[in-house]
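Construct all of the structure, not just a fragment, from the sequences and the given hints.
Number of protein chains: 2
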Amino acid sequence: MNILVISGSPRTHGRTRIAAAYISSVYQTDLIDLSEFILPLFNGEAEQAELMRVQELKQRVSKADAIVLYHSGMSGALKNALDFLSSEQFKYKPVALLAAAGGGKGGINALNNMRTVMRGLYANAIPRQLVLDPVTIDVENATVTEHMAASIKELMEELHMFANAGTPGV
Amino acid sequence: MNILVISGSPRTHGRTRIAAAYISSVYQTDLIDLSEFILPLFNGEAEQAELMRVQELKQRVSKADAIVLYHSGMSGALKNALDFLSSEQFKYKPVALLAAAGGGKGGINALNNMRTVMRGLYANAIPRQLVLDPVTIDVENATVTEHMAASIKELMEELHMFANAGTPGV
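Chains as they are written, first to last, in this note's numbering: chain C, -9 to 160; chain U, -9 to 160.
Honestly, the hints are just simulated from the structure, not real lab data.
Just so you know, these numbers come straight off a predicted model, no measurement behind them.
We put the CB at the ideal spot given by N, CA and C, even for glycine.
One or more of the hints may lead you astray.
Claimed, not checked - Here are the computed lysine-lysine pairs in the BS3-like style, where the Cα-Cα straight-line distance is at most 30 angstroms:
hint	chain 1	residue 1	chain 2	residue 2
1	U	Lys81	U	Lys48
2	C	Lys53	C	Lys143
3	U	Lys48	C	Lys95
4	U	Lys48	U	Lys143
5	U	Lys53	C	Lys48
6	U	Lys81	C	Lys95
7	C	Lys143	C	Lys81
8	C	Lys81	C	Lys48
9	U	Lys81	U	Lys53
10	C	Lys81	U	Lys143
11	U	Lys143	U	Lys53
12	U	Lys143	C	Lys95
13	U	Lys81	U	Lys143
What the hints assert, rightly or not - Residues of chain C clear of chain U, computed beta-carbon distances all greater than 10 angstroms:
hint	residue
14	Ser52
15	Ile116
16	Met146
17	Met151
If you want it as structure tokens, here you go:
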């Protein structure tokens, strides 16, 4: 099973990267960290499709059996990366959604927005989703709390369940 | 009354630019066209706040009495531009939302997502909103249809009404 985690935070320091790295390491997934994997601003011109980095993005999303999207409350970086992609890479592919949040309830809005965007790409955004409040991240030890680790485990199990069921029509 | 139109499409050719230019010209507004006004990908680092272009963006949004956000179905470029801004520029400011759409109903999702994002910036997204299907744009003459021109007029009147009422607490 080839799972790809896309960490949507453009910030090089922050809780999103800790949690994304945790998931990638514990569940041995591929990882695209958009604070390092810098894309140009999408402009719809054909030349951009030729860029090595854009081709790499498309290939890694295409070959994944399932995707984990981790985004901070409002990340243009993730949105921009998705602009380069289409239903060609996402159609019917199971996608798990996580949002970093400041502690309020804004994470839910971020998840709802991302779910709508995923629908537009014909992805299969799975029902289970997670908001990671600051208290769920152990910054000092660069990991997540035990409680959040259990929630992530459940999320990943559901993602596997959908991925194992196979992609409809394929 | 200083109204700022932000055209969110990153595409240099397209219907969004025609409609945004139409609004800016007919209603004599300021215009930031994100297909020309290129911003770096937001990364949250302090150095970016020093960039001339970022300072210009903040200033032009700050000094506007009201904002018109025109975005294509899914524009990382607009999302990225908003990443540079905060409630400091948007708090209680009336904002009109328009979405370019392919002819399906995806434009409504784009508007709903953008309304949620505006709430997060404490903007006052006004009730009236518009989806511009391809049939509403007269590409040959680089303008909008008569019917859409009337709808835009109503939108702009509502935006003026809110702007004239003044910003609460200021």
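Which earlier hints turn out false for this structure, listed by number in ascending order? 5, 10, 12
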